[in-house]
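Novice: Residue 153 in my numbering sits at position 105 of the sequence shown, with consecutive numbering throughout.
Treat the hints with care, as some may be off.
Think about it this way: if two alpha-carbon atoms lie no more than 30 angstroms apart in a straight line, the pair counts; the simulated DSS-like pairs of lysine-lysine are [what the hints assert, rightly or not]:
| hint | residue 1 | residue 2 |
| --- | --- | --- |
| 1 | K112 | K131 |
| 2 | K108 | K180 |
| 3 | K139 | K112 |
| 4 | K176 | K206 |
| 5 | K179 | K163 |
| 6 | K139 | K180 |
| 7 | K146 | K176 |
| 8 | K131 | K176 |
| 9 | K146 | K163 |
| 10 | K86 | K180 |
| 11 | K131 | K108 |
| 12 | K176 | K207 |
| 13 | K108 | K86 |
| 14 | K139 | K163 |
| 15 | K176 | K163 |
| 16 | K139 | K176 |
| 17 | K207 | K146 |
None of these hints come from the bench; they were simulated from the model. Since the model is a prediction, treat every value here as computed from it, not as a measurement.
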Amino acid sequence: MSKLLLLSQDNFVFEDHYIIDKIVDNMLNLEIDELFAKANSCVDDENYLEAIEFYNLILKIEPKNISALIDRGVTLQIIGRIKLSIRSFDKALELSPKNLDALINKGSALHLDEKYLDAIDCYNQALKIDKKCSMALAYKGLSLGELGDLHESIICFKKPCLLTNIAH
Numbered sequence: 049m050s051k052l053l054l055l056s057q058d059n060f061v062f063e064d065h066y067i068i069d070k071i072v073d074n075m076l077n078l079e080i081d082e083l084f085a086k087a088n089s090c091v092d093d094e095n096y097l098e099a100i101e102f103y104n105l106i107l108k109i110e111p112k113n114i115s116a117l118i119d120r121g122v123t124l125q126i127i128g129r130i131k132l133s134i135r136s137f138d139k140a141l142e143l144s145p146k147n148l149d150a151l152i153n154k155g156s157a158l159h160l161d162e163k164y165l166d167a168i169d170c171y172n173q174a175l176k177i178d179k180k181c182s183m184a185l186a187y188k189g190l191s192l193g194e195l196g197d198l199h200e201s202i203i204c205f206k207k208p209c210l211l212t213n214i215a216h
């Protein structure tokens, strides 16, 4: 009888921890949602430095939050902090190597840094994941154009149009 009671008490303790963990998770998720809302509001108001602070707060709570890493990277790119933005995209890609948003945004940052071949590599990786990704095709076309490869650039720009026509 005492063993049964002991097992029963252990289950209650386990259940209590489970419930507490769920409550804490829900509170953290609400806090993260609020921080994202504040960051987005700052971006809408073009208050980019404050938005970056909110993304940093999110990442203190949840260091592997891919959305915060990508959004912070985009915001850093907007204010011209290209190398920091690339680092943010790299962290996102370490966690999710096939994340299209991270690949395309990293490519865009590399393009701004005039590293066109590296940018094209990012777009090619994105196109391996989704060969119909119109953003990757268009951005690849821009980078090819910067390199003077106008023929391939035009092909990249035409491809999304062709894919759209085939789909309809």
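Novice: Need the status of pair K131, K108: alpha-carbon distance at most 30 angstroms?
Specialist: holds (21 angstroms)
Novice: Are the Cα atoms of K179 and K163 separated by 30 angstroms or less?
Specialist: Within the cut-off at roughly 22 angstroms; holds.
Novice: Below or equal to 30 angstroms on CA atoms is what counts here, so check K139 against K180.
Specialist: Satisfied, since the Cα-Cα distance of roughly 25 angstroms is no more than 30 angstroms.
Novice: Are the Cα atoms of K176 and K207 separated by 30 angstroms or less?
Specialist: Given that 30 angstroms is the threshold and the Cα spacing comes to 15 angstroms, the pair holds.
Novice: Is it true that the CA of K108 sits at most 30 angstroms from the CA of K180?
Specialist: violated (36 angstroms)
Novice: Measure nothing beyond the straight line between the CA atoms of K139 and K176; if it is 30 angstroms or shorter, mark the hint as holding.
Specialist: holds (20 angstroms)
Novice: K176 and K163: Cα distance at most 30 angstroms?
Specialist: holds (20 angstroms)
Novice: For K86 and K180, compute the direct alpha-carbon distance and say whether it is at most 30 angstroms.
Specialist: violated (34 angstroms)
Novice: Starting from K139, check that the Cα of K112 is at most 30 angstroms away, please.
Specialist: Holds: K139 and K112 sit about 8 angstroms apart, inside 30 angstroms.
Novice: Can you confirm whether the C-alpha distance between K146 and K163 stays at or below 30 angstroms?
Specialist: holds (21 angstroms)
Novice: Does K131 sit within 30 angstroms of K112, going by the straight-line distance between their CA atoms?
Specialist: Given that 30 angstroms is the threshold and the Cα spacing comes to 20 angstroms, the pair holds.
Novice: Please verify whether K131 and K176 have alpha carbons no more than 30 angstroms apart.
Specialist: Given that 30 angstroms is the threshold and the Cα spacing comes to 25 angstroms, the pair holds.
In this structure, the hints that do not hold are numbers 2, 10, in rising order.
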